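Using the sequences and the hints, build the whole thing.
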Amino acid sequence: MSKPLETAYYLSEVNSVIEELLGLVNPTGNHLTVDLDESSGKYLARDVRSQVFLPPVASSAMDGYAVCAESITLGQSYEVSDRIAAGSVGQPLVPGTLAKIFTGAPIPQGSDSVVIQEDTSSNGDLVKINKRPSLGENVRPQGQDINKGQIIFSEGHRLAPKDLGLIASVGLSKIDIFQPLEIAIISTGNELIEPPYGLGPGKIYNGNRYTLAALLQELGMKVIDIGIVEDDFDATCIALAKAADQSDCVLCTGGVSVGEEDHVRAAVESLGSLDIWQLAIKPGKPLAFGSVNGKPFFGLPGNPVSTFVTFLMITRPYLIALQGGAKPLPIYYYGLSDFEFQSGRRREYLRVRLTVKSTGEVWLSKYSNQSSGIMSSVTWADALAEVDIGQQIRFGDKIKYYLI
1 MSKPLETAYY LSEVNSVIEE LLGLVNPTGN HLTVDLDESS GKYLARDVRS
51 QVFLPPVASS AMDGYAVCAE SITLGQSYEV SDRIAAGSVG QPLVPGTLAK
101 IFTGAPIPQG SDSVVIQEDT SSNGDLVKIN KRPSLGENVR PQGQDINKGQ
151 IIFSEGHRLA PKDLGLIASV GLSKIDIFQP LEIAIISTGN ELIEPPYGLG
201 PGKIYNGNRY TLAALLQELG MKVIDIGIVE DDFDATCIAL AKAADQSDCV
251 LCTGGVSVGE EDHVRAAVES LGSLDIWQLA IKPGKPLAFG SVNGKPFFGL
301 PGNPVSTFVT FLMITRPYLI ALQGGAKPLP IYYYGLSDFE FQSGRRREYL
351 RVRLTVKSTG EVWLSKYSNQ SSGIMSSVTW ADALAEVDIG QQIRFGDKIK
401 YYLI
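Those letters in the sequence shown? Residues 1 to 404, per full-length UniProt numbering, in order.
These are computed hints drawn from the structure, not numbers from a lab.
This structure is a prediction, so every number in the text was calculated from the model and none was measured.
Note that the Cβ used here is the ideal one computed from N, Cα and C, for glycine as well.
Hints may be right or wrong, so weigh each one.
[Said to hold, decoys possible] Computed cross-link-like contacts, PhoX-like style, restricted to lysine-lysine with a CA-CA straight-line distance of at most 20 Å:
| id | residue 1 | residue 2 |
| --- | --- | --- |
| 1 | Lys400 | Lys327 |
| 2 | Lys295 | Lys222 |
| 3 | Lys174 | Lys131 |
| 4 | Lys242 | Lys295 |
| 5 | Lys400 | Lys282 |
| 6 | Lys366 | Lys327 |
| 7 | Lys282 | Lys366 |
| 8 | Lys327 | Lys162 |
| 9 | Lys174 | Lys148 |
| 10 | Lys131 | Lys100 |
| 11 | Lys162 | Lys174 |
| 12 | Lys222 | Lys242 |
| 13 | Lys357 | Lys327 |
| 14 | Lys128 | Lys100 |
| 15 | Lys357 | Lys295 |
[Stated by the list, open to error] Ranges between beta-carbon positions, derived for each pair:
| id | residue 1 | residue 2 | range |
| --- | --- | --- | --- |
| 16 | Gln109 | Asp47 | 33 to 41 Å |
| 17 | Glu38 | Gly396 | 43 to 51 Å |
| 18 | Gly207 | Glu38 | 45 to 53 Å |
| 19 | Glu38 | Asp145 | 22 to 30 Å |
Structure follows, in structure tokens:
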């Protein structure tokens, strides 16, 4: 294979790149039907509609006595004609009587309210009402929470553990999801070796592979590890082709800069196209996006912090959208800066730690060394603080941050 001709590229602005990437997404659209207890963390391939009313029938919200409100005389004692526990159905209420009822039990025909036990007093077999109930008091109407046929989760929603109980409660045991993406990871660099082998001269351990794999698994995606590829054009081409053949998207770390030993850019252009190269972002300028044999390709920087930041802010939203997710962009918050900072010609993502004051204010502290090679800055931090191009941050300024 021969290298293609050199091409000129310019720094791209982060927001426009994210918008462009999301506009290029073509979700795979492959569906699977899975058991509900296997669906947490997956993305819905179609809307989920309730099969029933929730609650299914009007039921008691408290332990007490089911009554017909308009027939109650304050201070009068009544006979108890029935006892209704949760899971059972009582007889129609006998006029002029009460029905003992427990939380969650259906209220009997002929009743419309529940008097809580604390508002009654007993005298042998009779019960006196000490507080007049209002119509519908302590009754959960049929469908108060969910109506039959109502959409409870929309296509593209990522299911969380808290969602599964609701889905089961409306009568569903199986769910249609988008088939989890298979993402190939390539690590480039003659200097890389895998732990726990001993470090030889000029060697470093391949930490990026473990970080990326965990981030992908956190998204519910399957990781295909292509392994470490030497700094060689032909070897890089072979690895990229293999990765594209086995996956839905290819991620490559290292080799996307402008050094003599950086071959990824040329290899991608020989197998497909390079559409984006170099962002106005710090850390992470040497980031690339394109396609390899028809599959989306991301070239991430080799420095550990750069890999982490560019994946979270650029690659992750694209992959969520590719998976069919409806909300790909990360959630951000605002806090107050306890440091001063001046950004340059690139948007910067600072590793910061959060402190919540007694007033409820969130203050951001900056890690002392913001170099892209200091991975401990990421493990120390709670969040990434976003500082736009040319922005000056003063003590106490409001600043945007993303939890990590």
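Holds or violated: Lys174 and Lys148, Cα atoms, limit 20 Å. Holds, at roughly 18 Å.
Whether the CB-CB distance between Glu38 and Gly396 falls inside 43 to 51 Å: Hint holds: Cβ distance 48 Å, inside 43 to 51 Å.
Please work out if Lys400 and Lys282 have their alpha carbons no farther apart than 20 Å. holds (16 Å)
Hinted pair Lys400 and Lys327, Cα distance within 20 Å: Holds, at about 19 Å.
Keeping to a limit of 20 Å between CA atoms, is the pair of Lys366 and Lys327 held or broken? Given that 20 Å is the threshold and the Cα spacing comes to 29 Å, the pair is violated.
Lys282 and Lys366 were given as a pair; does the straight-line alpha-carbon distance stay at or below 20 Å? Answer holds: Lys282 to Lys366 is near 15 Å, not above 20 Å.
Decide if the proposed pair is consistent with the structure: Lys357 and Lys327, CA atoms, cutoff 20 Å inclusive. violated (31 Å)
Verify the proposed pairing of Lys174 with Lys131, using a straight-line Cα cut of 20 Å. violated (47 Å)
Given the proposed pairing of Lys295 with Lys222, does the C-alpha separation stay at or below 20 Å? holds (16 Å)
Given pair status - Lys174, Lys162, alpha carbons within 20 Å: Distance of about 16 Å is within 20 Å: holds.
Is the hinted range of 22 to 30 Å satisfied by the C-beta distance from Glu38 to Asp145? Cβ of Glu38 to Cβ of Asp145: about 25 Å, so the range 22 to 30 Å holds.
Would the pair Lys357 and Lys295 pass a check requiring their Cα atoms to be no farther apart than 20 Å? violated (48 Å)
Hints 3, 6, 13, 15 and 18 from the list above are not met by this structure, while the remaining hints are.
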